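2 protein chains.
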Amino acid sequence: MIDQKGILFILSGPSGVGKGTVRKALFEQSTDLRYSISMTTRDPREGEVDGVDYFFKSRDEFEKLISEGQLIEHAEYVGNYYGTPRQYVEQTLNEGKDVFLEIEVQGALKVRENFPEGVFIFLIPPSLEELKDRIVNRGTETEEKVKNRLKAAKEEIDMMDAYDYVVVNDQIDNAVSKVKAIVASEHCKRERVAHQYKKALEDE
Amino acid sequence: MIDQKGILFILSGPSGVGKGTVRKALFEQSTDLRYSISMTTRDPREGEVDGVDYFFKSRDEFEKLISEGQLIEHAEYVGNYYGTPRQYVEQTLNEGKDVFLEIEVQGALKVRENFPEGVFIFLIPPSLEELKDRIVNRGTETEEKVKNRLKAAKEEIDMMDAYDYVVVNDQIDNAVSKVKAIVASEHCKRERVAHQYKKALEDE
Numbered sequence: 004m005i006d007q008k009g010i011l012f013i014l015s016g017p018s019g020v021g022k023g024t025v026r027k028a029l030f031e032q033s034t035d036l037r038y039s040i041s042m043t044t045r046d047p048r049e050g051e052v053d054g055v056d057y058f059f060k061s062r063d064e065f066e067k068l069i070s071e072g073q074l075i076e077h078a079e080y081v082g083n084y085y086g087t088p089r090q091y092v093e094q095t096l097n098e099g100k101d102v103f104l105e106i107e108v109q110g111a112l113k114v115r116e117n118f119p120e121g122v123f124i125f126l127i128p129p130s131l132e133e134l135k136d137r138i139v140n141r142g143t144e145t146e147e148k149v150k151n152r153l154k155a156a157k158e159e160i161d162m163m164d165a166y167d168y169v170v171v172n173d174q175i176d177n178a179v180s181k182v183k184a185i186v187a188s189e190h191c192k193r194e195r196v197a198h199q200y201k202k203a204l205e206d207e
Numbered sequence: 004m005i006d007q008k009g010i011l012f013i014l015s016g017p018s019g020v021g022k023g024t025v026r027k028a029l030f031e032q033s034t035d036l037r038y039s040i041s042m043t044t045r046d047p048r049e050g051e052v053d054g055v056d057y058f059f060k061s062r063d064e065f066e067k068l069i070s071e072g073q074l075i076e077h078a079e080y081v082g083n084y085y086g087t088p089r090q091y092v093e094q095t096l097n098e099g100k101d102v103f104l105e106i107e108v109q110g111a112l113k114v115r116e117n118f119p120e121g122v123f124i125f126l127i128p129p130s131l132e133e134l135k136d137r138i139v140n141r142g143t144e145t146e147e148k149v150k151n152r153l154k155a156a157k158e159e160i161d162m163m164d165a166y167d168y169v170v171v172n173d174q175i176d177n178a179v180s181k182v183k184a185i186v187a188s189e190h191c192k193r194e195r196v197a198h199q200y201k202k203a204l205e206d207e
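Protein chains in written order, with the working numbering: chain A, 4 to 207; chain B, 4 to 207.
Relax, there's no trap hidden among the hints.
Identical chains blur together in the list; that is why a pair holds if it fits in one copy or across any two.
Pairs of lysine-lysine, DSSO-like flavour, derived with a Cα cap of 27 Å: (1) K113 x K100; (2) K183 x K27; (3) K100 x K192; (4) K27 x K157; (5) K154 x K192; (6) K157 x K192; (7) K183 x K100; (8) K60 x K27; (9) K183 x K8; (10) K192 x K113; (11) K113 x K148; (12) K113 x K60; (13) K113 x K183; (14) K192 x K8; (15) K113 x K8.
Honestly, the hints are just simulated from the structure, not real lab data. Being a predicted model, the structure only gives us computed values, none of them experimental.
Assemble the whole structure, with the sequences as input and the hints as a guide.
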């Protein structure tokens, strides 16, 4: 088991679908997953803490990290950068531990290029209407911003085909259970474990 | 959802690994799975009930069903026939319900030919040594029979490559949890659900 690399799980989905809420609920439960904190240039929302929810950076700082190759992926989304620091992900996987990313759709597609063996989970709302309600009820955005977000969401839903799993976020508990089931079942995938068991039996 | 076929899950693995125990523990919990009862010509073990654990048949009866094409698969194993009645499986899947089979390795390979879209789970003991212990401790077999079973088990372990998942039966509860995780995650597979969600969003 020790020489086995960890599995990279990526939770993504349209803006406003509740990725952050599902991720937080997941990590409030007991889990062996390690969360890779994203980096962003957007302003912290109320209650968000630097180094816990995100690493909050200025545009200048972010662009310096890009040029140094220190991000696995980065994307600009609604005028802000989002990105995934490289070192934490690679080191943790090499230690045999699973890494969990929660990122925007554009970023997830770029991670797929670098980590095709990753497990990509697409979080989807029960309907676009509900997505709209959630964005509106967040109450921190102008109507113009809401329109832009919805347009982006429709485009992103078309990107579902690049994912391995689709989880509907009808209730947070349901969505968390499904993500946990995906994590557990991926550890049972034959191509991952057959080698280990065959070797163990040969050693008898 | 209604027009969606159910998923066929197949639990198999070496003789003596505890397939029946895991299956029973799984069905003692709340589940939407429908269990397809196998047919066999072997004698009932203590506590086994006809029509619950197996349909127990004579060789003549069993061979008549084979010739009539009423079995999805059948195999002869340690001198006895085992088989899966066709009608229940096909009808239940068509009603959109998941079907769960617990069968011998030979039979599972034949089901794979007929249902390549099925989800094949291989139950494996922590070691061949433990498998041997379990077979010996069952205490209902001669030494000759035990030897035959072990030889068969080693051959069957080589068949792991034909499966989608490998679950180690270290503890029954662990194995049941993993099987349940596999069932839940298969329902989230993108290729199964993407079509449904895209259509729902187009209908907005």
